[in-house]
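Hey, can you piece these two chains together into the complex? The hints should help.
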Amino acid sequence: MKYSYYPGCAQHGTAIDYRMSVEAVFRRLGIELEEVKNWNCCGALHVPDRNVRAALSSRTLASAKGLDIATPCNLCYSNLMRANTALEDATLKNMINGKLTNKYDGNTKPKHLLEVIVKDYGLAKLAENVKKPLKIKAVPYYGCLLTRPENKFDSPENPKSLDNLIFTLGAEPVKYYYKTKCCGGPVLITNEDLALSLAKDLLGMAKESGADCMVVTCPMCHLQLDAKQKAVESKYNIKFDMPIIYFTQLIGLAMGMSPKELGLDKHLVPTDKLVARIGR
Amino acid sequence: MKKETILPETRDTAFRDLILKTPVGEKIPTCMQCGICAGSCPVSHEMDYTPRQLVRMVQLGLKHEVLNSNTIWICTTCFSCSVRCPRGIRPTELMETLKPIAIAEGIKNKNSKFDNIFSDVVKKNGRASEFLLISKYSLSEPGMIKQAPFGLSLMSRGKLPLMPDKMEDVRELDAIFKTGEEKQEKKPESGTKENAETKAEAGEKNEGKAADTGGEAEK
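Sequence lines, in order, name chains A and B. Residue numbering for the first sequence follows this note's numbering, starting at 1 and increasing by one per position. Residue numbering for the second sequence follows this note's numbering, starting at 1 and increasing by one per position.
Chain B on its own, in the form it takes in the complex (with noise of 0.2 angstroms):
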């Protein structure tokens, strides 16, 4: 792997300051390094950084890279990691914390969409319907037409309702969705703006940047 150096101005420690400020950040400092995370984590092989690189890249307040990486992406959520770190860090709820922000800095990918349709869905129905997410993402993703055997072979078992599962009265929802907005409201302004899609799809590598993350032992 290339090496580089981290230069100061690459550095945002507002960024930093932001994440260690939220409930996971609070142990972040406190990481060694030990790779446990990645170590147990079962899809490391496919992210750009693993998540250990990705704690001390928080730590290092490398904005840019941190959200800019299909690791908070590839994540599937297990909390392997999170109930072994000796410290108490939990890399998943820092991929979770993450999300939110790499969304309001205007990246997009794959995941991003679907999280987003999603959301939708449960603002306006209440309920998540299979028929309904899956057939609005594939209007949005062509390569969905593959899926369209597995839609068939699910409806043939009364599987994928095309009536969508609805709550009688949505009306506190809208309200329970702006949650995560006044959170965010309270933040300090951070850095530049970084628009630009990530890698999180799959096959796309990083060519890792982050010179002292050092990567070599777990690739």
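Just chain A, with the same shape it has in the complex (with noise of 0.2 angstroms):
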């Protein structure tokens, strides 16, 4: 298995533990990741034309070699889909490829990594490869852009993926209302007493369900469930203590790796508690 990989920019900062586990998985797996050469951000939610957005993933999926593009990244993923979209508008597609040195045709298809491993690997194969059921109680938290606006790969409702996922390492999906509901991160530097209420729902609500994780598929969302939760805990004086694992990172447990191989040490809530928990 190949893929064309884009890993966006969060992986080269505030998402570095999402990109260790993603390198060690994935190597372990055997999936092949060959990242795009000389790759531009998606821009987004903040560059504000949709045409220049539909613009930025054209050249990144123009990019691809005629491989499918997979890509860690919620929002990235979503500006990759809703490129495709925008360009099925013949006058802009012609305007966007007079831009671009590498000709687009409209025909990459994008995938999170989260398809790769539960569509394409499958949830069978990879059964194969847990050495450590978890025997944990997680929420499935999918967040926004996964599966909307274009609802191809799982639900925009009720997905069943990331529930499955878990459920295939040995650990318990609970029940979580709020799996699609904002996590409030787009507004995280503008206003921030929003993004916090947001955030503060999610968090009492993955509380209340007796979970001892949230398992996360966007950086995103771990950098306002993680390490804003302190933040959060202060302002509305309740203790959480959640600790937010990304999905790779919680198949990277299930396989057998080491905490630090997985980046588990670089999260801002502490996750010893949960791996001593796995660990038993």
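Just so you know, these hints were derived from the structure itself, not from any lab. Hints are not guaranteed to be accurate.
Derived list of chain B stretches under chain A, where covered just means 3 residues or more per stretch with a C-beta under 8 angstroms from a C-beta of chain A [stated by the list, open to error]: (1) 30-40; (2) 90-101.
In silico negatives: residues of chain B with every beta carbon more than 10 angstroms from chain A [claimed, not checked]: (3) R56; (4) T77; (5) P86.
Bear in mind the structure is a predicted one, so any value in this text is a computation, not a measurement. C-beta: ideal position from N, C-alpha, C; glycine also.
Written as structure tokens, this is what we have:
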């Protein structure tokens, strides 16, 4: 299995832990990720003009060399998917191609790494790699942009792929009504009060569910729920102490990899209790 | 909520037609005001006008109220409204369509400032560096000083590298960033120019001017 790989900017910054776990797990599973040369930012949600964002993503999609393009980030994934939809407009497609050295035909298929594992690699095959069934309770948190707006890979209302993955790893996916509710990440810098109130709802519901951790698929969700968890706690005077784990880290733990190799020591919310529980 | 009559002269049909001609605008005339967008929105309680109201205001051509509302900047782009709308309207994409128009009209607020810094960093380096973004934004927002412990905590884990990640070659990006401008050049002249600070900062609430957008039910 081989994919063209678009890591996105966060992998070189706040999501260093995600990057470590992706590299370790995919190497072990034998899934090859060939990084796109000289890749550019997708524009996230902050390059305000959507045509510019379509052009940024078209440039990335054009460099996939006939392979599917895989990405670990929900924002990148959604921008790549949306660029394909936007380019169904022939005028826009021509205009964008007029600016690209590598012309884009509109045919590259973007895939989130979760889709690569669950659909392409397959959970049955993944189960064969599980050395240490996790025996914990975990919140499957998908966030917004993995399933919306392009409803191609999983349901935008009640997705199941991450639930199934957690189950395959020997853990219990808890019932969680906010699995696709916004974490507040996009307004973290410009409207912190609003961002923290959204995160509080998610963390509170996770705590209530009795989960040992929340599992995420997006660097922005992780930043918001892990790195900002302390700020939520002090603002609302509640203690959550809820580890936020990337799904690739969860896979790695079930495959018996060391927490350090998976970047768990880079988290702001301590993961040692969780690791101890799994170790038992 | 105080009700005011919408006078014909406050309606800007050129603005309305401009929006209706965009890809997202095509279905806007079909909105039946069911409110599933407002009900699905996780942040509508912070908005001057809910997504439902905003769609109605676009139908009416209330350019000034639409472009000066905090609604388009409060939206977190979660797309909940867009996947549920029974008419297939994507209010999220309406917000995205309105942003560059508001910016072109001179609207400035925290969000447009951050977006501007983000775009500049990407145009120059090809990639977004969290450190550059936060430090540039903090220079113009003194309130950001209280985020310093957050920045330091990220640094302590090696999550905020000071050296920005860069593309090897950014030459294509200048042209790419002009895609937006070219699209905008095609737009017909519309209405009067209104330069005003929007009320995107939390706390400042609009009294609610658009009479028949009827906000009480959702506020």
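Evaluation of the provided hints:
1. 30-40: violated (count 0)
2. 90-101: Three-residue rule met by the stretch 90-101 of chain B, so holds; n is 7.
3. R56: Given that every Cβ of chain A is farther than 10 angstroms from that of R56/B, nearest at about 22 angstroms, it holds.
4. T77: The claim is violated: T77/B sits with its nearest Cβ about 5 angstroms from chain A, within 10 angstroms.
5. P86: Answer for P86/B: holds, closest chain A Cβ roughly 14 angstroms.
When each numbered hint is compared with the structure, violations occur for hints 1 and 4.
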